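Letter by letter, the chains look like this.
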Amino acid sequence: MTATVGQQAQAAARANDVWKVYGSGEAQVVALRGVSAEFERGRFTAIMGPSGSGKSTLMHCLAGLDSVTRGTVEIGETTVTGLGDSGLTKLRRDKVGFIFQQFNLLPTLTAKENILLPLSIAGRKPDPAWYDTVITTVGLRDRLDHRPAQLSGGQQQRVACARALVSRPEVIFADEPTGNLDSRSGAEVLNFLRDSVREHGQTIVMVTHDPTAAAYADRVVFLADGEIVSELIEPTAETVLDTMKKLDTPAEVGN
Amino acid sequence: MFRATFKSLLARKVRLILSGLAVVLGVMFVSGAFVLTDTLGRSFDSVFADGFSEIDVNVAAKPKVQVNEMEGEQTAAPLPAAVVDRVKQVPGVASATGVVNADGARVIGSNGKVVTSFGPPQLGENWTGESDLLQLREGRAPQAEDEIVLNKALATTAKVQVGQKVGVLTAFESKKRDFTLVGIAGYSGDRDSIGGVNEVFFTTPVAQRLMLGEPDTFSSVTVRAAGGVSDEALRDDVARTLGADFEVKTGEQVAADAAASLKEGLSFFNKILLGFAAVALLVGTFLILNTFSIIVAQRTRELALMRAIGASGRQIIGSVVLEAIAVGLIASVLGLAAGIGVGALLAFLFGKLAGGLTLAGIGVPAAAVIGSFAVGLVITVVAALLPALRASRIPPIAAMQDVATPDRPLTKITVAGALVTGVGAVLLFLGLSGNAGGQTLSTILGGVLFAFIGVALLTPLISRPVVSLLGAIFSWSVPGKLGRLNSGRNPRRTALTAAALMVGIALVTGVTVILDSAKGSLSALAQDTIKAELVIAGQQGGPRPPSFDPGVLDRAKALPGVRMVDGEYGDMARIDGESTWVAASSDVASLRQIFGAKATAGDIDRLGPTQMLASSDTATSRGWSVGSTVKVQLTRGEERTYTISGIYESSQLTNPVTLPVTAAKDFAIPQPIQGFIQLAPGARVADVQPQVETLLADSPEVSVADRDAFIKQQMSSLDGLLRMIQILLALAIVIAVLGIINTLALSVLERTRELGLLRAIGLRRGQTMGMITVEAVVISVFGALLGVAVGTGLGAAVVEALKDEGITDLVLPWGQMGVFLGLAAIIGVVAAVLPAVRAARINVLGAIAHD
Ligand SMILES: Nc1ncnc2c1ncn2[C@@H]1O[C@H](COP(=O)(O)OP(=O)(O)OP(=O)(O)O)[C@@H](O)[C@H]1O
Ligand SMILES: [Mg+2]
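In order, the protein sequences belong to chains A and B. For reference, each letter of the first sequence is one residue, going 1 to 255 in UniProt numbering. For reference, each letter of the second sequence is one residue, going 1 to 851 in UniProt numbering.
Everything labelled a hint here was simulated from the structure, so no lab data went into it. One thing to keep in mind: the hints can contain errors.
When the alpha-carbon atoms are kept at most 20 Å apart in a straight line, the in silico EDC-like pairs for lysine to aspartate or glutamate are as follows [stated by the list, open to error]:
hint : chain 1 : residue 1 : chain 2 : residue 2
1    : B       : K7        : A       : D85
2    : A       : K112      : B       : E302
3    : B       : K557      : B       : D576
4    : B       : K7        : A       : E113
5    : B       : K113      : B       : D178
Predicted model only: the values in this text are computed from it and were never measured.
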């Protein structure tokens, strides 16, 4: 059963019949089974599903961090599948931003240096107005000279968000960005992500376990056992929770 | 990007300083060698420039046999006194003085012992009056046959005063002769000598007779130019007048030539020091490679994050290499500075040892600076290249996974190791079997280098079983067991650390095997062949071997119980145009009866005044047979023709050529340098030895010893060589110790969390330290084992190759090897101290929260 969702033409990222198989023989695990999906420009999409359903795998494949076994992945106009190391490097530099669950920042650099790191790696100058906007939005102006160890977890994640935003990538991928945060810090980060989509037209794809977090998104895609099984537009915490409950039962039977 | 590199460098300064230290030590060796040789070279220049400052033009006879610095001293032939008058006739000559100036005037100090020299000659001269340079400090000039003046430096070391009787051995009389010290002379500027040279001034006839062996001869004529005549013009005029048989030089030329020949020796010394620097740097390379590998492994997530946010593989390589360049630069600067210090210190010690050589200012030659930076930078960057490459291959996805360093299979590295070891073995074989086509030394060195790298690559594979075996010794305690498991945890890391120690220990072991085998083989040969119960010989200190009065030989022969006495003379001569070592025996029959020589052609028991004997090897290579005539030019006298009357079988103990004893008076040292005494059957050594001792009362440079003591004494020069090599190679071992400290410190850092956990569940501080110590000891003993094994292999290969050179017995220094292993265990304990203390101090709570 393959569901194809999102029919809009302006996709920031697209997966076409993506399969991902880990290992071989006895130890073979099929993490993705023919996933096709589009992630529209200027929208905030959440990916949900039970643990082990393939959310992280899908995201890694979309972002070009991992290769697909079959199918193709596109980001903007670029076909990611088949790119060599230098092509992938260029893609990560120009089109993709990342926010991880943890270990987002280099411990030796200050917050400001961490934020500007992607630009300095690419040898580009930040757009001062945009940089200022980003800093204002994350609300860390007085913490810019601090090291990650001197910041709270929520603040660190906001620095990571700022770092992803500052180079204005085509799409930002976030894998459980609030997984390590309490609800208040989590809400700060999520608000911030949603604002950047609403006000600045940023595209964000976020993996999460938390229905409340998913409710910040414009759309939720549900994965189970490596396949897209459902989707919600304009979700609320309740509708997400309901869908999850429905998914859980057959998934457990399936396992 | 630069900023990120720089910051990460700062954050890791301690580990980088440790690995940088290895480069610092290597570079120190390089710059120290250059600074030392440069300083000494300039000191020699100034010494000679001073010594010859009062000479405008110098006339000497052409040396009859050219001898280089390695073969011994150049001895000029004397020139007839008439030359002085001929020079005086040349227009433009203000004065011409005949000078006697020859090595071999040995003063017997107030303690009855001969004053020795470690390098500068011991000159016997004629007193030609005071000058601006040389003045009498006390007393007066020598006037009678039995009067001498000493320079102040010599008088001070000999502890003699004006008015005293002083015994002197001279070039032509190795029997003590007593003189009255009538004056002490010194040089301008309150110097007691020039360059530590010892000088004895005689009256001219005495100097001629005792130092040159002929009356009315001089060593050289020194000329002062009249006002307005240039040195060069005068030199050319004098040369034209005297003809081609003389060497006429300006004083400056003489000084430069004299300094140049000493500097040739210095440059050889420099090469040796640079060789040891190369060893130190090879070990340093292992260390840097290891440090950077560990750092890259520890930074996996950080580097992956950089990759995820857009850094290219090249940028990652760049950032690691940049770190290496920074470390290399800092290490080069520090190494250069340390080398200047060490070079200055060594120059100072050398100056003291050489009897007060006035040092020129310490200078830093361009070669030291260029060499230091080139070596420091290249080594560091080359060593960091492999880890940098590995860093660039870290996939960005690693940022999201909690991967520890994955356990990569050892297949590739083992295959590579086997290949490289094979290449090394082939090169060694080619080099040692003499099939390297003129590149023997470089082929052998290349072979050793490849062998080391190959074995280092094989080490991870070997380390598994060996380390677990070694660790089993400690497994009775929990910390011991944990330490053992830790040392087996990362075979590459353990292996590389141990390999660094291997290099130093392998070289020391190899050299010990070779020298012990040489010693063993030579002593066995000497013991088997020399049929003399007593031997007269002395310890050589300076350039001139000790000698004794030939009269002793006849008197010894007359002693009851003595059957045969042989005095051995030797010198470099030119035979048919080629430099050759020649010997003369006071009794040729000894060749067969004492040295067990066998005749392969002709008669070797007798030697007429125009006959000579040759060894079979020499005869073959020169194409001689019995009846051949050869032209021989000795240090003194005219060229003579000898006929080969016999050929003896070559062995380690035979001389290439044996001349009749009558030729010895034209040797540079016309006295015997060794004497062999064979006793009659039934005579007792203990009875004869004291009598020979009495005969030697006037030849204090030598003593009589029984054969075994003599052999031991001869071999002791090899012991000195061995000790020196061991000391220099110890530096390589010190660097390897730094490597162990570094690896452990990095491992402790890496395992902070784990150590915290262990402490939390009850491991005591002491146990934590014990755990780290066991790991260190296991690594260092493993390295030493490898080193002993590889060194024995290399040494045995060389010994095998030298079989034809007479090194027939392979002697394995078991005792030494045991010492190395014990030393390695101590090294391990010492290296563990800092990391262990650090591990024990880990804050339990902080460690568990550590990210
Ligand atoms: N490197 C890998 N090798 C083998 N199997 C893998 C690998 N990575 C993931 N898998 C498997 O693929 C499947 C999907 O994993 P994935 O990490 O995408 O799940 P997830 O939905 O992100 O789960 P979670 O919510 O727990 O993070 C799982 O069954 C997992 O065991
Ligand atoms: Mg996941």
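* **Structure versus earlier hints - violations, ascending order** => Violated: hints 1 and 3.
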